[in-house]
Each structure stands twice: as C-alpha cells, then as structure tokens.
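Using the sequences and the hints, build the whole thing.
Residues per chain are reported as follows:
There are 2 protein chains.
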Amino acid sequence: MASAMELVLLFIITLVCTLSAVAIQTHPLDPLTPAEFKLVRTIISKSYPTSSSHANLTFQYVGLDEPDKQTILSWLSSKSKPKTQIPRRAFVVARFEKQSLEIMVDLSTSSIASTKVYKGHGFPMMTIDEQFVASDLPFKYKPFIESVKKKGLDLSQVVCTTFSVGWFGQVKTNRILNIQCFYTNETVNLYARPLEGITVVVDLDEMKIVGYSDRMVAPVPKGEGTEYRASKLRPPFGPKLKGSAFWQPQGPGFEIHGQTIRWANWEFHVGFDIRAGPIISLASVYDLEKQEYRRVLYRGFISELFVPYMDPTTDWYYKTYFDSGEFGFGQSASSLQPLTDCPSNAAFLDAFYQSSQGSPVQIPNAFCIFEKYAGDVMWRHTETGIPNQVITEVRPDVSLVARMVSTIGNYDYIIDWEFKPSGSIKLRVGLSGILEMKGGKYTHTDQIKEESYGTLLADYTIGLNHDHFLTYYLDLDIDGEANSFVKSNLETVKATVDDHGTPRKSYWKVVRETAKTEADARINLGLKASELLVVNPNKETKVGNKVGYRLIPSSVSHPLLVADDYPQIRAAFTNYNVWVSPYNKSEKWASGPYTDRSRGDDTLAVWSKRDREIENKDIVLWYTVGIHHVPSQEDFPVMPTLSGGFELRPTNFFERNPVLKVLPPQHVNLPNCTIKS
Amino acid sequence: MASAMELVLLFIITLVCTLSAVAIQTHPLDPLTPAEFKLVRTIISKSYPTSSSHANLTFQYVGLDEPDKQTILSWLSSKSKPKTQIPRRAFVVARFEKQSLEIMVDLSTSSIASTKVYKGHGFPMMTIDEQFVASDLPFKYKPFIESVKKKGLDLSQVVCTTFSVGWFGQVKTNRILNIQCFYTNETVNLYARPLEGITVVVDLDEMKIVGYSDRMVAPVPKGEGTEYRASKLRPPFGPKLKGSAFWQPQGPGFEIHGQTIRWANWEFHVGFDIRAGPIISLASVYDLEKQEYRRVLYRGFISELFVPYMDPTTDWYYKTYFDSGEFGFGQSASSLQPLTDCPSNAAFLDAFYQSSQGSPVQIPNAFCIFEKYAGDVMWRHTETGIPNQVITEVRPDVSLVARMVSTIGNYDYIIDWEFKPSGSIKLRVGLSGILEMKGGKYTHTDQIKEESYGTLLADYTIGLNHDHFLTYYLDLDIDGEANSFVKSNLETVKATVDDHGTPRKSYWKVVRETAKTEADARINLGLKASELLVVNPNKETKVGNKVGYRLIPSSVSHPLLVADDYPQIRAAFTNYNVWVSPYNKSEKWASGPYTDRSRGDDTLAVWSKRDREIENKDIVLWYTVGIHHVPSQEDFPVMPTLSGGFELRPTNFFERNPVLKVLPPQHVNLPNCTIKS
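Chains as they are written, first to last, in full-length UniProt numbering: chain A, 1 to 677; chain B, 1 to 677.
Heads up, a few of these hints could be off.
Remember, identical chains collapse to one label, so a pair may be satisfied in a single copy or spanning two.
As the list claims (entries may be wrong) - 30 Å max Cα-Cα, derived DSBU-like pairs, lysine-lysine:
1. Lys-426 <-> Lys-69
2. Lys-232 <-> Lys-242
3. Lys-119 <-> Lys-98
4. Lys-528 <-> Lys-609
5. Lys-79 <-> Lys-494
6. Lys-79 <-> Lys-240
7. Lys-528 <-> Lys-487
8. Lys-509 <-> Lys-222
9. Lys-426 <-> Lys-242
10. Lys-426 <-> Lys-528
11. Lys-528 <-> Lys-494
12. Lys-609 <-> Lys-494
13. Lys-222 <-> Lys-290
14. Lys-98 <-> Lys-208
15. Lys-539 <-> Lys-240
16. Lys-528 <-> Lys-509
17. Lys-46 <-> Lys-208
18. Lys-142 <-> Lys-426
What the hints contain is simulated information worked out from the structure, not anything from laboratory work.
Put into structure tokens, the structure is as follows:
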C-alpha cells in the first residue's frame, strides 16, 4: 500500500505529465507521447497493483484511442485558433492474472473510462521485452544446455529467438510461443545456422518452459559465407558505386509541423502505432483549379501481414506468422540510417511505444521523409505535326516518400508511402533481410530425392518456400465520407457489318457496376479486365463524371493453402485481393484484434459475411499485396530487395491534368564547390 | 545518264565514305553511320536510276544487317587487338515501281550482294517524309478546302496527320493511308480539335488522294483548356517543386566507348534501328566471385506495339495501329531535353536513320544514359537477436538507365532499360503525350444515351478507349546460347496428419516443367501461380541449381478483341503474354516484316505453329506488356505518365547475393558552394 507521501508525489507527477502532454499536443491523431505513456502506466498501475516479487501486469498494447471520425472532421474544419483540444484517450490491452483486459484511459481526466475483460479466442500482440525474457530461458534449462553440449557447440555462441505457434484446432489454447536457437560462431547471420530439431515451448503468462524436444535431425550449417557486415568481409569488394552529393539551396520542398507533412500539393499526417507501424491520415491534395485542398484518404496503414511457410513437418508446420498482429510492425521499426536507408535530403521523425512495463521506448529515426528525384518524367510531349514547328514540353517528376522499415526477426520490410504531384499515392513494400533457413543433410540438389520444401542455397542450408500477404487498410474519403465502390468492367462486344457499317468484328466497352453490398466487392484480381474505383457518387466533374480514385495493382497473387487449413482460416482475409466494408471504428485489424493463437472467428472475412450495404456510404477498401517467394541463391546470405505495391490514381477526380501547370524545378549548377567527404 | 566526270566523283565519294566508315567503326553491332547511309544510297541509286521528274525509288528501311550470332560471338571472344573488322552489310527495303525490294548491300565491297522482290502481303514501314508529303495533299485538294470553308474554319490553322488503315479482309490492298485533320487555332494541341467526319485517303506509291469523305458529324471541340506549353498558360502555376543540384565529384560512374556502356558490374551495347528504336545487345554482368563477365542478354528490343482503339464506327474502326511496324519507333525518337527528359547527370547519344531519299537524318540526343539515385534500398538488415548488440547494415541502391522517347503522333513512349547491380534488368515503358480524341455532341454525361466508346473529357471531346500491347523481343543467352524455358509451377499439396504427423492440411511446392516445344511455352499469365525462368541446363551452381533468370511481370492484361477480328488476326502475337521460340535470325518482328496492311500470315503466332523444339536450344523469349486504357479527365489535355513493365531477375545465376560485397557509395558533402542557376 502506498504511503500518503507517495500518493502526493504520484499526483504531482500525473499533473505534470498531463500538462506537458497538453502543452505539446497539436493534432488529435498524433501518437501517444512519452508523457502520455507514463501517465497511462501510472493510472493503470494504481488500479492493478502488483506485488513487487511477481509482476503480473503487462502492457501488451497501448495506443491512441482514435477520436470519432466526425469529431476529427469537425476539429479539422474548425476555424478557431488555437483549435479546441480534443480530449485524448488511450486504449490499452493489458495482461493481468492471465486475462486480457481492455482498458480505456481518459488522459484529460487521468482516469480509467472503462475496463473490459476480453473473453474471446486469441491473445494480444507479444511485447518485445517478454520475447526477450523468454529467449533467455533455455540458457538456464538443463536439457537444453545438454543438447547444445551433445552437439559439440559452444553455449556462449548460441542465441535463441521466438516464434508464434498459431492455432491448429486445439480446443484450449494457452499463451505460448516456441523458441528455436541458432549458432552465431563465425557469423552474426544466425538464421543461417539453425539448431534444427530443438524446440522449446514457453508459456508467456507463467514465463517458464513448458515443453522441450531435441530431435537432432541435421548438422548445423556452416558459418562460412553467411556474414554480411562490410567490416567482416574480405576483398574484393564491388561492384563499385561512385559518390555523389545532392543539394537543395532553398532547403527541402516539404515542411514538417509536428506529425503533419506539407509538400507541393499534398498535406498528410504521419501517425505511429505499436502494432500497425506507420499510419497515414487525412491525406488531402490541393486542387489548383478549385483553389482548395480536397480529401483523398482518411486513414491508411498495413493492417496485417500473413507469412505462411510451406513446410508441413514437425518443426516447421506452425510457422504461419501474422507479423503485425503477433509481432507488431510498430515496435519492430528499425532506426533508419541516414545516407543509406534514406537519401541525404531526408528528414527524420522518432516514434515511441510502450514496454511490457508501460514505460515509453524511443525509436530514433523511425520515419524518414524525402523528396525522390528518380529521373522520371511527369509528363511530356513532342509535337511535330504542325509545319515548321517542333514543340517539346517536358516536366520532370519529383515525389515525396514517407518511409519506415520494420524488421520482424529475419525479414526487413521497407514500407513506402509515395505522394506524387499528379495526385497519385503509390504504396510499396520492399522485402529485404534474411531468409528463414532450415538445416538439412544436402550439399547438392542431386541428393534430394524427397520434397525439400525450398531451395538448396548452400551446404546443409535450405531456404524455405513461403508467402507474404500484406493487407492494407485504406479508408478513402474521396471529397467526403460517402463513397461507392465501382467495378468498371471491360467487356468484349461482338459486332457485325450491320451494326456500324464497318468490318470491325469486336471492341471492348466499359460496363460500370456499383457494389451494393460487401459481397459485390470481394474480388480476386486477374480473372477479369476491370478498373476498380472508389468514387464519390454525390460529386461530379463539370462534364458529369463521378470523381474518384482507382486502384492500380502491380503483380497479383492468391493464397494457395486450402481454405480449411488452420492458417488459412485465420488468414481468410487474404482469400480475396480486394474487400470493401462500411467504415466501422472497431474493424481495424484484418486478422482480428487478438491475433496470436486466433481461430479466425473475428477477421475481415467474418465481418464481411454480414454483407452490409456499401453504396454511398463511408467505406474502407482492403487491398492485399501477395508475394509467393521461392528463395534463390541470390537471396543468401542477405536478400536484395524485392518489391510489391500498388497505386491509387485520381480518375476523373480533377477536371484536367492536375500537373498541367507545374513548372520544371529550377536547376541549380554548382560551379564552386569544395569536396568534403 | 551520268557523265564520266560524275562517275569519277561518285567513285571518290564512295571510297571516302567507305574508308571513313571503316575508320570510325568499332563494334559490329553499331548502327549504320551517316557515311554508311550515304554509301547505301549511292550504291542503290546506281542500280535503280530514277528520272529526275518523277522519283519513284524510296528507302523505306535501311538498317544494319546484323552479322550472324556466331560471328559476333567469335569476334567478341577474339583476343587480337585491334579486333578484325567484321564486314558491314546493310539491309534495305526500298519501294521501286510499286514493288518492295529487299536489297542486301555489302558495304565493304560497295556492292549489292542480293536483291529480292517481296511478293507477300503487307507493305514496309512508312517513312516520315512520305507521311509529311501526304499530309500536305489535302491543302491542294478542292473538296477538302471547301469542307473547311463550309465549317467556317480558317484553312491556315488546319493541320493534317496520317493514320495507317490496317487490313479488314480486302482481297487486294494498295499502299494507302488515311489523313485526318485538326484545328490548331488557339492551341497546339491538335488532337483535341479533330475535324470529325473528314477522311482523306492517299495512295503513297502514287502520292495522290484516292478517296475523300466529309460526313460533317460533330462540331470542332473548343481550343480553350487544351494548351500545354508553359509559355502560353496563365497563372496560377503549381504545384511548386524546389530546385536542386546533383553532383558527382569523380564524374559519372559509367563509361561510354562508342555505343558500348560500362557501369558498375554491367556492360552492354546500345544500338539503334529506324524501326525498333533502342536495341540493347550483349548485356553481360560481372561476377565478382567468378571474376568474369557472364552473358545474360544477347539482344533485346521492343518488337511491336499494337494499339487498337475501341470505336467500331466509320471514321474510327480501322484505328488499330502497329506503332513499330507501321510508324517506326526509331525514326519517331524525340530529341531528349537535358534536365527535364533526363536528370542533370545524364550523358546523351545521337542516332541516325535514313530519309525516303536515303539521306542520313540525325536525331540529336536520341538516348540518354544516367545513374538513378531514387533513394531505394539495395538490401538491408537490422539484427536485434544477439544480446547486447544491434547490427544494422544497409546498402543504398543505384542503377543505370538507358532511355529513349519515341513519339508516335500523339503518344510519347518513354522506353527505359534499367540495369541494377543486383543483376536485375528492369524494362519499363512510360506512356505520356496526348490522347486520341473524338469530336462529339456531348457536354455532359447525362446526354449520353448510346455507347460513346470512351470518356467525356471536356465539351464535345471524348477520349477513346484503347489498348497498348508492347511486345519485347528478349534473346536471353544465360551463360551461353543453349538455354531452356522452365515453368516453376507453385502447386497446392493437401496433407493429412498421417503424412507428416502434424495438423497442417496444405502447403505449396514447386513443380518444374521444362518446355519441350513452342506450344509448351505459350502462356497467359494470371491463371496459374508460376515462376517463369530461362535457365542454362548445362550450367549449375555448386549446390546444383540450374543458373537462370526469371521474368517478374508487373500488372498483366490480355487482348479483349475476338480472335477472328482482323486487327487481332494481325496482332495474334498478343494472344499470349509469353512465347518462346528458337532463335532464328529472320524472326525479329512479332507482327512480321511487312506490317502495314499485313494479314497476320507472317507473325510470331504463325511461326510458333511449327511447334519447334526449344529445350536446350538458343531461344528467344517474347513478352507482351499490356495496358487497357480507359481515359480519364486527368489525361487531358496532356497525360501524366502511366507506366508498365517487368523485371528480369537473376535466379540461382549467382552463387550468392551478387551485391553482398558492394560498399555504400561515398557520400559527398557540399560545404562551400556558390549558387549559379
């Protein structure tokens, strides 16, 4: 029990934190500040006291409780200066006495607004620190120490990491994870040297080992050739790339106000969440003709990333990760390295999340923002059709990129949001990092007689086949909330000479189909020639086209697991490339709010079964980028980036080309420069 | 008849040209030089004398007669310095007395090696000058002048352009084209102001009008809002992009030797052809581990570009262009503008083609070569799995782009070949320029009751639906000529607990299928999960994988015309996204050598019917990038670039990541610079 003095101190701290939180707060969608994280911890710790010897309250998720959309929109359009502060609330998922608690904290009153015990299946996201603690358990566990000894390995060179275990039909599920271990002797590329066959099962709520097996199935692959640090590699180095400098004498073209970015004709807010990572909100584009900003995207983020591996055997079958819901894209953000992760003209933003114990953890340089000068052409035309004239007009392209890199164990995901002056938003994810590799007995493909579930990359090393399905949440608000989803199907029309008096036998026409309910908007791409649009049916251009944006996919993949396989039940939201749902504040996470060990009973696929009306409603577009990955030797020991993505492109949104009147940026020569490298 | 003096002069000129041609000649795949064009003209004019009053010899195509592949490869591997010059030959298609002549000119002996009269269907590519002459004919043609007067238009503001007419089942075809005209009053955007309903038919061999109709169907759309020249536009301008400077203190990373480019680990030759435009040959990548250049691509270029419009009515049905075979991607190359078409660090190369009369015509700055610093990440990894260490290794990406822009009338095609240090080649085409627009009676979509075949873009202006199918010819020679085409199909395997002792119900595995004959390699993408590879079945990595490159498509489209529609018969090579054929020197043009008014009897689709063997042979991969284009208002009055493309990516070609040992380029700071804009 706290003393009177302690309570007074607590009150003062709370007050200071609250005041400082208010003082620096400028935007209602800003992520929680360090002070706010501390306040949350203070408030909750008061209500859930834990004995000092056995701390059993852990903070699994702490994030901004997003204010209601209408509240945000009124705030946004309010003319008062400064704008009235919207009361800040934090949403917390805590584990306490083996239960998941959903706690709403009112930061303005420093009180708990509501508490609910979650009774459904699945568990909250794992925190980084509990995984860290769990990874250390084997080193005090005798059977494990003996296994390592038996293999003739140096225990001090062994490291262990954590793996979510999924759900495979179990009636009762505990909050467990698997631990597998690696040998780092000679290398930091631990994934290349698995101690195949050893699996340690840890109960996270008990924080103790509850299962162990050592099947001793394969030799540890060699460390040779697995290193990737320049400082440890031997010459020859290459290929050689020459140094360069980039200079903007008038400074960058963008402005950062808190978390709000303004650049060229774009304005948007960069948020951050421990689970989602980057959240782009309130993206609006300035319409030069209408002389106003027009709304495009209310909120967008990667809702889930499903990564199933294709090995059905004992030590591997369960590896079917949900990288966002289980591991947290936000808390896995890597600090970006200036000059390599982002070009020299980048600006950086930090991010914060909470530890298991509720303390704020800083990620320095979690975001970078930079102008991309890729040498592309925004538009051009050369006209030679007018006698005695050659007209050439060209506008070089520049775009703005907001980047975060999330490293989930072995894989590095480079998440780019690219805004173009033409009104397009390009979303791209680059996959780099290190493959998950399985130790094996092979040194040559000739020896492989049975299915190996992957590619032989090096001696005793198989890179396992797997998929990446990234599901984007895109709450487009094209010129307002009420939007419709339109399939512009390109349909072949057969013709005879009687129809038009010409010998042409066919052409295609556009048949527009507005989705009435969710069922109309579930789409597997690639089967039909269609343009997919989100339009505002209440707004049209002068000549009468509905204003809209269309989705331009890049390459398309579909799941190959059978629908009733457990991982696919949990990831049923990948069954279609496209879904559209009515906006519902609670439907943020495609895999459901409690993804770890989930049973697929609270996913986008389940919500969509209600088949709600989506015409002329506030709607959300869910789009899944899928990549099947058959590893190749080039991916070893570290993977050259492989990219996927899509474009959201204005389609009859503007009256005309919105960059018609852009002028080429002024070119700057550098006549008198001194090299300083 | 020439006098003795003239003959002597001719001999001297010929000798000088031959010598100069030899003197500057360095690479057997270099395009013909101005001197060689002149020599060709001289040699052929001697054999086909034309009366001075009526010149009826025209040069439709003059290009390098590519030496045999084995000759090139021996030359390439020859160690003698200087290398022995391979005799240069020019292949000529001339029109003479209404016949197409195929003339082989031996430039080393200044003689005609062979002549053949082409007897098949179709005509050679139209030259720019004959189209120019044809476009002028209406202005001396009374019915046309009267039509213009009747419409109340100023004839001096009318311009006309040429349109290929295709083939629609006619038994007898002449070498005709259609002329349509536009009003430029108030604008240079002629395509926005069609004189709808007027069609002039010109016989190119006769160079006279052979048909005329004026159906006076629609008002001429307004000029207002169609201008795109910055100098003619009124403020406000925007969005504003800030100026910048790029500097490489040690100069660019690439070297240009004649037409050969060396950069980082790449070496390739940039050729040029009046029909194909850019031709990339002998692309080899340096293998740091093997310490040698390894062959990847023997020759690649855009073989054809099919652009059918989707309006079956009288004035439009025939608009089904073959932009390469009819109009010539090479002769349509636009001079690139420094600082806008290509960044400040670009180098430029000129190109030459022949006029109708055989004279060399220069295209200054036809190519640009530049290093692309787009802010991408080549590879990265952050490792937090090792206690008390955070390891972050990042390599920023740089690539080399070779660019040409081909402007076929209204459309501008930005053709990029991008070489990456990781061994990938990215091929991309950007579509910009101006839409083909049809005059109409509508000012609002509400008025449109029947099919309009496009999008209402502005008053009286419809942007017509159309497709772009770009067929790339890719003669990959992966570590040598003998290659195979492999489909790595990703196939679902169902499993029960009895199979592996686990509850996993499914996974996918890779089933490799080597195409034996051409029929096995005709592929419509999107139907099946497959990786498509070209491998060398005779070369493997240490662990036994076949060395190869794979094709990674971007978005995929298929033709929507019925197979027996005339344009689709001619463009049957687009019926599949992928074809593979055995290398055959004569099979270069997917639409056949004589595309204008062709009947589809000599296309890739016809050659492929022979179903030749393609396993472990010298093979050619044909890949078609398809884009369905439903115009939007943003495309008016000039189109923001829309891109399509694909990647050729090394797949078990290298033993490991070929950029593992790349070092980040040295960063250069600029402390003491003076602005000079």
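Taking the hints in turn, this is what the structure says about them:
no.	hint	result
1	Lys-426 <-> Lys-69	within (24 Å within a copy, 42 Å between copies)
2	Lys-232 <-> Lys-242	within (22 Å within a copy, 41 Å between copies)
3	Lys-119 <-> Lys-98	within (11 Å within a copy, 86 Å between copies)
4	Lys-528 <-> Lys-609	both (23 Å within a copy, 27 Å between copies)
5	Lys-79 <-> Lys-494	neither (57 Å within a copy, 61 Å between copies)
6	Lys-79 <-> Lys-240	between (55 Å within a copy, 26 Å between copies)
7	Lys-528 <-> Lys-487	both (10 Å within a copy, 23 Å between copies)
8	Lys-509 <-> Lys-222	between (60 Å within a copy, 26 Å between copies)
9	Lys-426 <-> Lys-242	both (29 Å within a copy, 21 Å between copies)
10	Lys-426 <-> Lys-528	both (23 Å within a copy, 26 Å between copies)
11	Lys-528 <-> Lys-494	both (17 Å within a copy, 28 Å between copies)
12	Lys-609 <-> Lys-494	between (37 Å within a copy, 26 Å between copies)
13	Lys-222 <-> Lys-290	between (64 Å within a copy, 21 Å between copies)
14	Lys-98 <-> Lys-208	within (14 Å within a copy, 91 Å between copies)
15	Lys-539 <-> Lys-240	between (54 Å within a copy, 27 Å between copies)
16	Lys-528 <-> Lys-509	both (13 Å within a copy, 27 Å between copies)
17	Lys-46 <-> Lys-208	within (27 Å within a copy, 96 Å between copies)
18	Lys-142 <-> Lys-426	neither (52 Å within a copy, 53 Å between copies)
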